[in-house]
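Taking the hints into account, I'd like the entire structure generated from these sequences.
Number of protein chains: 2
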Amino acid sequence: MKPGLYLPARPFKTAQQGTDTMGNPTAAMLVIGDEILSGRTRDSNMYFLAGELTRQGIDLKEVRVVGDERDTIVAAVLALSAAYDHVFTSGGIGPTHDDITADSIAAAFDTPISVRDDARALLAAHYAKTGAELNEARLRMARIPDGAALIDNPVSTAPGFTIGNVHVMAGVPTVFEAMVASVLPHLTGGAPLLSQSLRLLRGEGEIATPLAALAADFPDLSIGSYPFQKDGVYGTNIVIRGTEGPQIDAAMTRLAREVGL
Amino acid sequence: MKPGLYLPARPFKTAQQGTDTMGNPTAAMLVIGDEILSGRTRDSNMYFLAGELTRQGIDLKEVRVVGDERDTIVAAVLALSAAYDHVFTSGGIGPTHDDITADSIAAAFDTPISVRDDARALLAAHYAKTGAELNEARLRMARIPDGAALIDNPVSTAPGFTIGNVHVMAGVPTVFEAMVASVLPHLTGGAPLLSQSLRLLRGEGEIATPLAALAADFPDLSIGSYPFQKDGVYGTNIVIRGTEGPQIDAAMTRLAREVGL
Chain A
6 MKPGLYLPAR
16 PFKTAQQGTD
26 TMGNPTAAML
36 VIGDEILSGR
46 TRDSNMYFLA
56 GELTRQGIDL
66 KEVRVVGDER
76 DTIVAAVLAL
86 SAAYDHVFTS
96 GGIGPTHDDI
106 TADSIAAAFD
116 TPISVRDDAR
126 ALLAAHYAKT
136 GAELNEARLR
146 MARIPDGAAL
156 IDNPVSTAPG
166 FTIGNVHVMA
176 GVPTVFEAMV
186 ASVLPHLTGG
196 APLLSQSLRL
206 LRGEGEIATP
216 LAALAADFPD
226 LSIGSYPFQK
236 DGVYGTNIVI
246 RGTEGPQIDA
256 AMTRLAREVG
266 L
Chain B
6 MKPGLYLPAR
16 PFKTAQQGTD
26 TMGNPTAAML
36 VIGDEILSGR
46 TRDSNMYFLA
56 GELTRQGIDL
66 KEVRVVGDER
76 DTIVAAVLAL
86 SAAYDHVFTS
96 GGIGPTHDDI
106 TADSIAAAFD
116 TPISVRDDAR
126 ALLAAHYAKT
136 GAELNEARLR
146 MARIPDGAAL
156 IDNPVSTAPG
166 FTIGNVHVMA
176 GVPTVFEAMV
186 ASVLPHLTGG
196 APLLSQSLRL
206 LRGEGEIATP
216 LAALAADFPD
226 LSIGSYPFQK
236 DGVYGTNIVI
246 RGTEGPQIDA
256 AMTRLAREVG
266 L
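Just so you know, the sequences run in chain order A and B. FYI, my numbering numbers position 240 of the first sequence as 245, with every residue one higher than the one before it. FYI, my numbering numbers position 30 of the second sequence as 35, with every residue one higher than the one before it.
Simulated from the structure, these hints should not be mistaken for lab results. One or more of the hints may lead you astray.
Note: identical chains are not told apart, hence a pair may lie in one copy or across any two.
Stated by the list, open to error - Straight-line Cα separation of at most 20 Å, EDC-like style, residue types lysine to aspartate or glutamate; simulated pairs: (1) Lys134 to Asp123; (2) Lys235 to Glu182; (3) Lys235 to Glu211; (4) Lys134 to Glu211; (5) Lys235 to Asp108; (6) Lys134 to Asp122.
Put into structure tokens, the structure is as follows:
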């Protein structure tokens, strides 16, 4: 990346660990599905959501992955919903017997759940168009907790929903991504944040000392160090994040000088 | 997959949710790193570990991803270590100022941590061979909690460690994978489990009713349903898991008949 080119980045400061340093809204993600834990399916929704939240100025602070087990889902939703401003869930809202997310969320919020007319109307219109039958199994996808707001699903119609601070979305990546796009514009993000990165063909061990000194001298900046190793080449990417461009410039200039570039 | 071809699979039964049904050892994973939560890095260690544990007969029950924050790491390690037979961590054991996993684990176990002679000897031999200096930053990688056993790292030498039921490993995928290979042979796995799968070009909504009936009639089997949608083709993979091959055969034969194959 050229000096002076700033990209939005998730803020963090090593000096103030354990809290959200920029006053940004916080978020957690709950991935639900035995198929992820068994290694059958490779989750891609976490990576997608992490990037989207960063661009929105919302700090993703924790992710949990749990199986299709009601008590486990309820406990995780309650813990994350209490600890963070937003919770995004992925998976378990389809038509089959192992899709128990909606009922588990209703249980967590101690709210009744049933087939709701607004969701049923969406599905009825969709299946009328495609010629498929809106059978009992598919009607399960219209089960929405009382008081929840529907999340638009432009890919396959069956809606997600938001209840309290929990946004409940599908696990199929194309549908999950479309639902995230439906939800995010309604949420308030934080300040735009900036970053610069520097790719060094040196091991972390050679630059750790100047990096630590730099972090101490620029307490308002976050300085991250990410080793890589690929095709016999190894090195470290340094990422400096903050809200003040000139400060990031100053830190990056000093780093480049100290590592002898 | 041909009928009669069984592959090891992670066991679960929809009839007995919330517990480990086969008496297999249980495990959790803790992924540590701001770079995962910011979307800068796409984690691949979860998917790798999930597959390896399944093959070993160890049931991965939960994954958490947290940032480089000491209190957060300590709380997650304590919670997971108390709830599961094994905990596998990934990330944060390099030489830089933001690598705080080893110290956080020591804090969680209320154990002193310092540069240990056995780990230092490994690093000294490695850097003597490569000609690089074993400086103060690199020596950080020899910080090991008292009472921990080292985990061999054939890729880049700096060891992981096991303390109590927690296995602490590097985040760089090649190193993580090598450390998993070092640890797993020492752990006791469960019974080998079997699975068959069937790929159907039908939506879940069309097969949900026969699937639910099948699950009710075969309570010893786990019947999972995984929708896919790719390049305009959509359908559902059905996976039937259990310990008895003939039972799986019977269920799969009935399913194929009922969905009209």
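Going through the hints against the structure:
no. : hint             : in the structure
1   : Lys134 to Asp123 : within (17 Å within a copy, 69 Å between copies)
2   : Lys235 to Glu182 : between (30 Å within a copy, 14 Å between copies)
3   : Lys235 to Glu211 : within (18 Å within a copy, 45 Å between copies)
4   : Lys134 to Glu211 : between (63 Å within a copy, 16 Å between copies)
5   : Lys235 to Asp108 : neither (45 Å within a copy, 28 Å between copies)
6   : Lys134 to Asp122 : within (18 Å within a copy, 72 Å between copies)
In terms of the numbered hints stated before, the structure departs from hint 5 and from no other.
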